[in-house]
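> Spelled out, the chains give:
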Amino acid sequence: MDKATPKRTLFRRATGSRELRRQPLFTGLSWLVLLLLYAPIAVLIVFSFNDNRSVVVWTEASLRWYETAIGNENVRKAAWISIQVALTATGVSTVIATMAALATTRGGDFRGKSAAIALINQPLMIPEIVTAIATLSFFSILRKLTGISGIGWLMLAHTVFCIPFAFMPIRARLADMSDTFELAAADLYAAPWQAFRHVTLPLLMPGILSGAMLAFVVSLDDVIITLLIAGPGETTLPLYILGQIRRGVTPEVNAVSTILILLTVAMVALTFALQRKRK
Amino acid sequence: MIDARDVTKRFGEGASAVTALERVSLHVPEGSFFTLLGPSGCGKTTLLRLIAGFELPSEGEIALDGEVIGHLPPNKRPVNTVFQNYALFPHMSVARNIGFGLEMLNRPKAEISATVEEMLDLVQLGAFAARRVDQLSGGQQQRVALARALAPRPKVLLLDEPLSALDLKLRKGMQGELKRLQAETGITFVFVTHDQGEALAMSDQIAVMSAGAIQQVGTPEEIYTTPQSRFVADFIGDTNIVPAELLGYEGDKARIRFAGGQAVLANAASATLAPGAVHVAIRPETITVCDAADEAALLHGTVLDSSYFGAGSQMRIRLRGGTEVQAQVAQPSPTGCEVGLIPDTSMLQVLVD
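Chains as they are written, first to last, in numbering that gives the first Met the number 0: chain P, 0 to 278; chain D, 0 to 352.
It should be emphasised that the hints constitute simulated quantities derived from the structure, not laboratory data.
Positions of the beta carbon are idealized from the N, C-alpha and C atoms, including for glycine.
Honestly, I wouldn't trust all of these hints.
[As the list claims (entries may be wrong)] Pulled from the structure, derived: some chain D residues nowhere near chain P, Cβ distances all over 10 Å:
hint: 1; residue: Gly40
hint: 2; residue: Val67
hint: 3; residue: Asn74
hint: 4; residue: Thr80
hint: 5; residue: Ala86
hint: 6; residue: Leu87
hint: 7; residue: Arg147
hint: 8; residue: Lys154
hint: 9; residue: Ala200
hint: 10; residue: Tyr248
hint: 11; residue: Gln327
[To be verified] One side only, chain D facing chain P, incomplete, derived with CB under 10 Å:
hint: 12; residue: Ala51
hint: 13; residue: Gly52
hint: 14; residue: His70
hint: 15; residue: Pro72
hint: 16; residue: Arg76
hint: 17; residue: Asn79
hint: 18; residue: Gln83
hint: 19; residue: Asn84
hint: 20; residue: Leu104
hint: 21; residue: Pro107
hint: 22; residue: Leu157
With the sequences and hints as input, model every part of the structure.
And the structure:
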């Protein structure tokens, strides 16, 4: 009894001191981080509803800048191009990333497998400006050689830089997934493509959705590569915003930015909803 | 039914290659409950995976009903597997899991649903058809796995340690259940386990495996009473393994002598051993304990202790040569007492090392 009592107090003190909320500064630090992360966005959103040309002086709530933005044909056109490019890039890059993930997790041990994985992920480490300039000069050569022009090049560029983003979560999910399910399917007379369609693909879907979501957001958001690749009439929403703020930030830019945030959040929410439904 | 001929399986290449099976030959009779028994790493699961088609043999061939199938992918073999962790498809209902094999074989919908119903009845899960598999207990998942593998009516059902994930009580129940399913369906079962009690209780025939080779094939009685090698005797139950001297062979019997005793005839698998030192298996329940001075005693030793187990007592005795043996008797002798031992010579088995 005498021996047990001090032990128990020791234990209690140990767990008590590990409780995160009791740590000094924990609460203050957390709020500071949250403030730094979200205050600018909150301010941007708030002033998009300001009935005034200023983005620093609040007068009255109104939707006039949304009316202006939505009424602006350039904004509508830029949004439409952004969505077209993002959807194409997401679709194609997710398919390619899925195939790459399957090859590197289910393809057995082939020569150069780790090199292949590294090569797929490498673009994430290369400074985007370098990729942008490389893509620009490479595409100029190709454009000249083929004589083809148009938005296809922009879509292609987006597809390429989306692949590693889509690849990561898909491969992670596949690597976590026991291949016994596929063996069981084969054992039950499923040909390889049937096993893929009925077993691997449905089980992999959460990973594919995460990958697609990442790809979509990354594409929607891209500035540097788009800036160098996009031809005339291929202005995406971020490029439009960038062009506008050269003439100073107006509440219209705030409104367009808010719409962009909304698009992204909607995409993330949709993915979560789909994943939950599958569970 | 299943014939494996000189099957060798190596993993890896060159110097780092590991041989999991070395020239294994095996015949599994049709309609039997056949068990591959051995410690982990003995190659029993590899052999099962070769029959299923998850691995291809490095050498040798596997035939089913006389037809060579060793090179076919798993979906082309009329063989189904119950996996150790069941591998039920988590995104499908119980019914769709069970019907999956028939669905892949493009059977008509009506036939699939009739078979699924029949299988659900067979494993007594009729009320669970629409459940998701993660809503089932371990024992129920086990039954679904069985039903799923039996639904396409395979020629052979392979079971990879299917009971190892269940607790003891459920396991005992499932042993009886598996025997019943095998008898009702008449399908050949190939069952892999490391549990000798399970193997003895359920099998028509057992193949004891060790180090990538088959040590002995026989009925549970044969394996238990006449183990041919030291490994088999050691692995099946708690046999005493006692050194003795082999004097020679007489017919199909071996003449042996324990240290300090007279020569007796013992069983021998084959007359292949040279005269000299051998090991002999003596089952604890075949030993009679007598007075140390009794002339019929073949072995002599000192009682170490004894423990009561209900039907009798288990005595531990240290023989004069130092070997420790166990004997099951009705009335144990006191600890420290010098005793003589008279084994039933018809149950003595000379072992190959």
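> Now, for every hint given, state plainly whether the structure supports it.
Hints and how they fare:
Its beta-carbon lying about 20 Å from the closest one in chain P, Gly40/D satisfies the requirement of being farther than 10 Å from that chain. At roughly 19 Å from the closest C-beta of chain P, the C-beta of Val67/D stays outside 10 Å, upholding its exclusion from the interface. At the 10 Å boundary, the C-beta of Asn74/D falls inside the reach of chain P, the nearest C-beta of that chain being 5 Å off. Thr80/D, annotated as away from the interface, has a beta carbon of chain P within 10 Å; the closest lies near 5 Å.
With a least CB separation of 4 Å from chain P, Ala86/D falls inside the 10 Å interface cut-off, contrary to its annotation. The non-interface label for Leu87/D is inconsistent with chain P: the shortest C-beta to C-beta separation is roughly 8 Å, within 10 Å. Non-interface call for Arg147/D relative to chain P: violated, since the shortest CB-CB distance, roughly 7 Å, does not exceed 10 Å. Its beta-carbon lying about 13 Å from the closest one in chain P, Lys154/D satisfies the requirement of being farther than 10 Å from that chain.
Chain P leaves Ala200/D outside its interface by the beta-carbon criterion, the shortest separation being 26 Å against a cut-off of 10 Å. Every CB of chain P is more than 10 Å from the CB of Tyr248/D (nearest about 48 Å), matching its label as outside the interface. Against the 10 Å criterion, Gln327/D stays outside the reach of chain P, whose nearest CB is about 43 Å from its own CB. Hint status for Ala51/D: holds, given a least beta-carbon distance of 6 Å to chain P, under 10 Å.
Contact between Gly52/D and chain P, as hinted, is supported at the beta carbon level, the nearest pair being about 8 Å apart and thus within 10 Å. Hint status for His70/D relative to chain P: violated, with the closest Cβ pair at about 15 Å, above 10 Å. For Pro72/D, the interface hint holds, since its Cβ comes within 10 Å of a Cβ in chain P; the closest pair sits about 7 Å apart. Residue-level restraint check for Arg76/D holds (minimum Cβ-Cβ distance to chain P is 8 Å; threshold 10 Å).
With 10 Å as the threshold, the beta carbon of Asn79/D comes within range of chain P, its nearest partner Cβ sitting at about 6 Å, so the hint holds. Annotation: interface hint on Gln83/D holds; nearest CB of chain P at approximately 9 Å, less than 10 Å. Given the 10 Å rule on beta carbons, the hint for Asn84/D holds: about 7 Å separates it from the nearest Cβ of chain P. Checking Leu104/D against chain P: minimum C-beta separation of about 5 Å stays under 10 Å; hint holds.
The criterion of a C-beta within 10 Å of any C-beta in chain P is not met by Pro107/D, whose closest approach is roughly 15 Å, and the hint is violated. Using the Cβ-Cβ criterion of 10 Å, the hint placing Leu157/D at the interface with chain P is satisfied: the shortest such distance is roughly 9 Å.
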